[in-house]
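Peer 1: Each residue of the sequence shown is one higher than the one before, starting from 224 at the first, in the numbering used here.
Certain hints may be false.
[Said to hold, decoys possible] 30 Å max Cα-Cα, derived DSBU-like pairs, lysine-lysine: (1) K277 - K308; (2) K308 - K272; (3) K294 - K275; (4) K332 - K285; (5) K303 - K277; (6) K332 - K277; (7) K293 - K303; (8) K285 - K240; (9) K294 - K308; (10) K275 - K302; (11) K294 - K277; (12) K275 - K332; (13) K285 - K302.
If you're looking for bench data, these hints aren't it; they were derived computationally from the structure.
Note that this is a predicted model, so its numbers are computed, not measured.
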Amino acid sequence: MSLSLGNGIAVSTNFIKSNPAVPVYDGEENPNNLYAVIYHIEIGYNEGKEQKVKQYIIIDYKDFDLSSDKKNELFDVAKKYCEMKNIPEGDQLEITLLDNDEAEDFLEKVFNNMKVIRGLITKRD
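Modelling step: build the complete structure from the supplied sequences, incorporating the hints.
Peer 2: In structure tokens:
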């Protein structure tokens, strides 16, 4: 196999926004009962002359051996989150489970970097 880099492609991304992570508890709201975390990332882009926002809801959960019922339950919780945030279902919404360590590490780094960047550009009074 012979891999090579191509020319850069212009991407019309207007913004990338990370929302606060939302914990999901199994039982009462207690750190010992933390079951999953919902990450919400918004990416604004132009499609023709119209600005659109793609919503990514990513569910990071503790147990990697979840039954299909438990996975469906997590999707239901994510859909409730979307309802609370007035995020309509459709092609602008993607809900996914974060189910491997490498992807989890990458997402954690992205959120940590976004916190650092936000801290650098936020005006302190």
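Peer 1: Hints first: check each against the structure and report whether it holds.
Peer 2: Outcome of the hint check:
For a cut-off of 30 Å, the pair hint linking K277 to K308 stands: about 14 Å separates their Cα positions. Of the pairs offered as hints, the one joining K308 and K272 holds, with about 26 Å between alpha carbons and a cut-off of 30 Å not exceeded. Proposed proximity of K294 and K275 is supported: the alpha carbons are some 29 Å apart, at most 30 Å. Distance restraint check for K332 and K285: the Cα-Cα separation of roughly 18 Å lies within the 30 Å cut-off, and the hinted pair is therefore satisfied.
Simply put, K303 and K277 have alpha-carbon atoms about 18 Å apart, close enough for the 30 Å limit, and the pair holds. With a C-alpha separation of about 21 Å, the suggested pair K332 and K277 falls inside the 30 Å cut-off, and the hint holds. The hinted pair formed by K293 and K303 meets the criterion: a straight-line CA distance of about 15 Å does not exceed 30 Å. Annotation: proposed proximity of K285 to K240 holds, straight-line Cα distance about 25 Å (limit 30 Å).
For the hint linking K294 to K308, the alpha-carbon distance of about 21 Å falls within 30 Å, and the restraint holds. At roughly 20 Å between alpha-carbon atoms, K275 and K302 fall within 30 Å of each other, so this suggested pair holds. Restraint check for K294 and K277: satisfied, since their Cα atoms lie roughly 23 Å apart, inside the 30 Å limit. Straight-line distance between C-alpha atoms of K275 and K332 comes to about 26 Å, which keeps the hinted pair within the 30 Å bound.
With a C-alpha separation of about 19 Å, the suggested pair K285 and K302 falls inside the 30 Å cut-off, and the hint holds.
Consistency with the previously given hints is maintained throughout, with no hint failing.
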